[in-house]
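Q: Here is what each chain is made of, one letter per residue.
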Amino acid sequence: MSDARMNGHPGFWSDLGQLVRAVGRAMGVTLKNFGRTPVTIHYPEVKRVYPSRFRGLLALTYDPGTGEENCIGCRLCEYICPPAVIKVEMLKGEKRNFAKTFTLELYACEFCELCVQVCPTDAIIMMKSVDLATADRRELLLDKDRLHAIGLDFEPSWATGNRLRDMQAPPKPAKGVAKESAG
Amino acid sequence: MPPAVASAVTAFVLLNAVIGMVTYVTLLERKFAARMQSRIGPYRVGPHGLLQPIADALKLMMKEDIVPTAADRWVYNLAPLVFLIPCVLIFATVPFAPGLGVADLNIGVLFFLAVSSLEIVGLFMGGWGSNNKYALLSAMRAVNQIISYDLPFVFAALIPVVLTGSLQMSAIVAAQEALWFVAYPVIGQLGFLAFLVATLAAENRVPFDILEAESELVAGFRVEYSGMKFALIQLGEYAHMIATSFLGALLFLGAWLGPGPLWLGPIWFLLKAMLVFLVVTWVRWSFVRIRVDQILAISWKLLLPATLALLLVTAFWVALHGGPGV
Amino acid sequence: MADGEARHVIELGYGGNERLVMNMGPQHPSAHGVFRAILTLEGETVVAVDAVIGYLHRCHEKLGEMLTYAQYPSIASKTDYVAAMTAELAYVSAVEKIAQFEVPKRAQYLRVMVAELQRIASHCLWLGTWCLDLGGALGGGATVFLYCIRERELILDLFESLTGARLLYGFHQAGGTRYDIPMGWAQQCRETLALVERRVDEYEAMLEDNPFFLVRTQGVGVIDKQLAQELGLSGPLARGSGLDFDLRRAEPYSSYEDFDFTVPVEPAGDCYARYRVRMVEFRESITIVRQVLDGLPEGPISSRPGVKSVAQVRVPKGEGYARVEGARGEIGFYIVSDGSAKAYRMKVRGASFSNLAVLPHIVPGCKIADVVAIMGSVDPVFGEVDR
Chain A
199 MSDARMNGHP GFWSDLGQLV RAVGRAMGVT LKNFGRTPVT IHYPEVKRVY PSRFRGLLAL
259 TYDPGTGEEN CIGCRLCEYI CPPAVIKVEM LKGEKRNFAK TFTLELYACE FCELCVQVCP
319 TDAIIMMKSV DLATADRREL LLDKDRLHAI GLDFEPSWAT GNRLRDMQAP PKPAKGVAKE
379 SAG
Chain B
232 MPPAVASAVT AFVLLNAVIG MVTYVTLLER KFAARMQSRI GPYRVGPHGL LQPIADALKL
292 MMKEDIVPTA ADRWVYNLAP LVFLIPCVLI FATVPFAPGL GVADLNIGVL FFLAVSSLEI
352 VGLFMGGWGS NNKYALLSAM RAVNQIISYD LPFVFAALIP VVLTGSLQMS AIVAAQEALW
412 FVAYPVIGQL GFLAFLVATL AAENRVPFDI LEAESELVAG FRVEYSGMKF ALIQLGEYAH
472 MIATSFLGAL LFLGAWLGPG PLWLGPIWFL LKAMLVFLVV TWVRWSFVRI RVDQILAISW
532 KLLLPATLAL LLVTAFWVAL HGGPGV
Chain C
-18 MADGEARHVI ELGYGGNERL VMNMGPQHPS AHGVFRAILT LEGETVVAVD AVIGYLHRCH
42 EKLGEMLTYA QYPSIASKTD YVAAMTAELA YVSAVEKIAQ FEVPKRAQYL RVMVAELQRI
102 ASHCLWLGTW CLDLGGALGG GATVFLYCIR ERELILDLFE SLTGARLLYG FHQAGGTRYD
162 IPMGWAQQCR ETLALVERRV DEYEAMLEDN PFFLVRTQGV GVIDKQLAQE LGLSGPLARG
222 SGLDFDLRRA EPYSSYEDFD FTVPVEPAGD CYARYRVRMV EFRESITIVR QVLDGLPEGP
282 ISSRPGVKSV AQVRVPKGEG YARVEGARGE IGFYIVSDGS AKAYRMKVRG ASFSNLAVLP
342 HIVPGCKIAD VVAIMGSVDP VFGEVDR
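Heads up: the protein sequence lines correspond to chains A, B and C, in order.
Each residue of the first sequence is one higher than the one before, starting from 199 at the first, in our numbering.
Each residue of the second sequence is one higher than the one before, starting from 232 at the first, in our numbering.
Each residue of the third sequence is one higher than the one before, starting from -18 at the first, in our numbering.
No wet-lab data here; the hints were simulated from the structure.
Check each hint, because a few of them may be wrong.
Pairs of lysine-lysine residues, derived as DSSO-like cross-links and limited to a Cα-Cα distance of at most 30 Å, are as follows [what the hints assert, rightly or not]: (1) A:Lys285 to C:Lys86; (2) B:Lys262 to A:Lys230; (3) C:Lys78 to C:Lys289; (4) A:Lys290 to C:Lys206; (5) C:Lys348 to A:Lys245; (6) C:Lys289 to A:Lys326; (7) A:Lys326 to C:Lys59; (8) B:Lys364 to C:Lys348; (9) C:Lys289 to A:Lys285.
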């Protein structure tokens, strides 16, 4: 390219050099990424590892010792839910109360975990999975039986009401200070 | 059989082959681009996505054909055809092996370059007939750009012609038997480079893809087309892209010349054309686009003088060597 | 709304009747959300711009009145959804200011850490979407976008290990934070930061010194310092115009005074200057997070017990405004409380809402392609604009 018709702009060659270097660098980065393994996870054959605090589907639990339902129908979760998707009716019993009906509209749920946070008996928890895809929204209106079934079908995540509140509570003067907590 | 029938049969076979190749080239581009972006391209439809182009073609055929009410009907409906025909016609002049081609004209390169720039008529018809401001803007930009870049494109393509002394494509390849034109010191490499840059612009590929500028003009002149007409436009675009890749491989990389028996020739040609295509794709997926006035500045102030200068130097060199041929 | 500059373009000899009114509508690949700009064009030059917003109005201020102080932090992230932690921080800071709640040191450090991590993630998204606008969804822009999203996903994975969610974190509560860092998180965080640092080098290699990128961004959309001050711009937009103001340094909140970081300021005021500011902020945020991880004190994460009922947080009568340096500028929450568990009035000062005011001043006179470059460098998030 030695023709004198090339304009005599003093920075021309340096501009050209910069262009060539920049082009080379950018294409080099693209080529380097060509050689990297793709980050794609082949769902559903391969599922990614969910962290232990994952906020997935909601479920009701049974007491592992006695096999009774944990829910005492206190309705704290109903009051705190920001989009008000939980509806509970209490059933009074002799020793303890139960929930007569417990509906949770999963299609409107924010997954904010506030219901889990307030539950005094760790009855409502979240699971480490969101595999409940359906073509009909009515199937996501979970009643008490389905919530208990979800609790048995999937793996629960770490957070329960008491664990969360213990993590947040200021330490008592006698106990040592909280360290990096488990979970 | 009479030569007319033989030509017709060859042309028919070639047309189908071109359409088949175009659909699979889209898959190649998608997988290649995906790997550069740390992901995999189409994967589910058929093993590793091999049936994806078929699925896309079927989908486009089944889509509703929407014509805007206020569109200029004749112009709007004819535009995809007027766009597609030159893009596919240029394949007729490209010989795939010595003697294997529809029409190895003795003005082959001239015919190719002239007809390939006719696509712009179809493009502008599409932009105008859609009666859509986005489409019109994009069509006007496209006319600007393609006209500006056709000149350097032609001059870059003329370098091998000058080195050979003939416009006939098979003669150009024959002249590369000793040494491919891209291997000629300086003029070969720079000529190829100029050809690639002009190809990027003539094909509306990033960084010169101001025509479609997805983030500004949302598909440019194609925005009002749906269904089969859109498929024809896509077909035309990719066919043009591959045809210029073939031309580049033929002019600079010695088409079917390569080690091995003669029947391996078309395979080499295909591989070289795909190499050119992949390099263009690699550039496409690495850069942001530049504004239309900057594109035109590059063409008129940089590329045109550069290719003219190269052509002059080539001509001097040929004259010094006493004639074409090494 | 043609101003002096636009009239100059007309006098230069365009026909005058060749004006085209084009709608860069709410549905547009580069609208950064839902934003409508009615552009008046003469050829390729924009003569006037009329910005229409409100397509994402979701009544946050009303929600602030209906939900209690314990419930609202879970959806405060929806205002600035790209930099969610900073929005939550602003809300709880306002509540704490009125009620005079103490925030323990560890909680303050954790808040700083997540805010800075969120800033890195937000800038990743900014760079990706900006390059997507500049370079096209089918082109180099998409490549940079996917690289940036790949890195942002790593940071969101960190947040997922910490809180369980990737957007509506609910991490902050009045008086501290809700979650503490789990085992092994600090190590994972350090590894992620090292990786992001290397990748930021790669982005710079692709873009810095790239003449294609430079011609698109240098000299485009110049906001001068005077204009930035008059319009109340904040964040990287103002710092790219020479205004040296950063809330983290001017009014340190949540223990920012314990950390050592520089605040980048560029005088040029064009898109390239704003790009440089944000790229330096990437690295500064990485430095801050490392300092936090090194110096994280032991202690409680909240000065108030965990939420056990919906009306637990009661705030005495009063009003207060708290502001934080979000990724886009100053995010502020102004709360008027009447002594109950819900706010009487909550006003959100979204950074992008004020930043968008600059458009009618800098867009007329530039080309269409520059409009997208400018929009991208202003980096609006419509959750904040429309609330």
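Q: Could you run down the list of hints and mark each one as holding or not?
A: To see whether the hints hold, each was checked on the structure:
1. Distance restraint check for A:Lys285 and C:Lys86: the Cα-Cα separation of roughly 39 Å exceeds the 30 Å cut-off, and the hinted pair is therefore not satisfied.
2. Straight-line distance between C-alpha atoms of B:Lys262 and A:Lys230 comes to about 16 Å, which keeps the hinted pair within the 30 Å bound.
3. For the hint linking C:Lys78 to C:Lys289, the alpha-carbon distance of about 22 Å falls within 30 Å, and the restraint holds.
4. Taking the CA atoms of A:Lys290 and C:Lys206, the gap is near 68 Å; set against the 30 Å cutoff, the hint is violated.
5. Distance hint between C:Lys348 and A:Lys245 is unfulfilled; the C-alpha atoms sit about 47 Å from each other, more than 30 Å.
6. Between C:Lys289 and A:Lys326, the direct Cα distance comes to roughly 23 Å. Compliance with the 30 Å bound is thereby established for this hinted pair.
7. Of the pairs offered as hints, the one joining A:Lys326 and C:Lys59 holds, with about 23 Å between alpha carbons and a cut-off of 30 Å not exceeded.
8. The suggested pairing of B:Lys364 with C:Lys348 holds, with an alpha-carbon distance near 15 Å, which does not exceed 30 Å.
9. Simply put, C:Lys289 and A:Lys285 have alpha-carbon atoms about 18 Å apart, close enough for the 30 Å limit, and the pair holds.
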